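Asks: Produce the entire structure from the sequences given, and follow the hints as far as they go.
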Amino acid sequence: MSEVTLLLIRFLYLAVLWIFVLSCISVIRSDMFGARAPRTKATKDKKARTKTPKAKRGDPKELVVTDGDDRGQAASLAQAPLLIGRGSDAAIGLNDDYASTRHARVGQSGSQWFIEDLGSTNGTYVNNHG
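Counting along the sequence shown from 1, when you hit position 82 you're at 1400 in the working numbering, and nothing is skipped either side.
Honestly, the hints are just simulated from the structure, not real lab data. Hints are not guaranteed to be accurate.
What the hints assert, rightly or not - Cβ-Cβ distance ranges computed for the label pairs, FRET-style:
1. PRO1378 x GLY1437: 39 to 49 Å
2. ASP1349 x SER1394: 44 to 54 Å
3. ARG1389 x ARG1328: 48 to 58 Å
4. TYR1331 x SER1394: 28 to 38 Å
5. MET1319 x ASP1407: 49 to 59 Å
6. TYR1331 x GLY1390: 51 to 61 Å
7. GLY1428 x CYS1342: 52 to 62 Å
8. LYS1379 x LEU1340: 38 to 48 Å
9. MET1319 x GLY1441: 46 to 56 Å
Model, not experiment: these values are computed from the prediction. Just so it is clear, CB atoms sit at the ideal spot from N, CA and C, and this is done for glycine as well.
Replies: Take a look at the structure:
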């Protein structure tokens, strides 16, 4: 092969190597600090605002961690949906190496409460059911 061809192959190999390194750094950064949330503009329209439903007697008022290292943490369900994870924006912060930055979300649909896994690596389990 000519010297020019070898030089082009070397530069191509170097470029592919750098793309791989930068993509690894991007994945590590998003896992440590979370994905960037898009900024939304606040609306002044009264119809666009949502009212927080008042709790009826017997309705759950807060989510409490009852087991593990994070036992005792609580978050008000009035601000649902709640984010659970290692990120700083999580209502329930988990100090667990196996939890994702944005691990799960707790929300309400009508009178039913649900937990939604947000694509976590290790899954979300409630009472040992995933």
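Asks: Each of the hints needs a verdict: does it hold here or not?
Replies: These are the hints, each one checked on the structure:
no.	hint	in the structure
1	PRO1378 x GLY1437: 39 to 49 Å	violated, 26 Å
2	ASP1349 x SER1394: 44 to 54 Å	violated, 28 Å
3	ARG1389 x ARG1328: 48 to 58 Å	holds, 56 Å
4	TYR1331 x SER1394: 28 to 38 Å	violated, 55 Å
5	MET1319 x ASP1407: 49 to 59 Å	holds, 54 Å
6	TYR1331 x GLY1390: 51 to 61 Å	holds, 54 Å
7	GLY1428 x CYS1342: 52 to 62 Å	violated, 43 Å
8	LYS1379 x LEU1340: 38 to 48 Å	holds, 46 Å
9	MET1319 x GLY1441: 46 to 56 Å	holds, 50 Å
Going down the numbered hints, you'll see the structure goes against 1, 2, 4 and 7, while the others check out.
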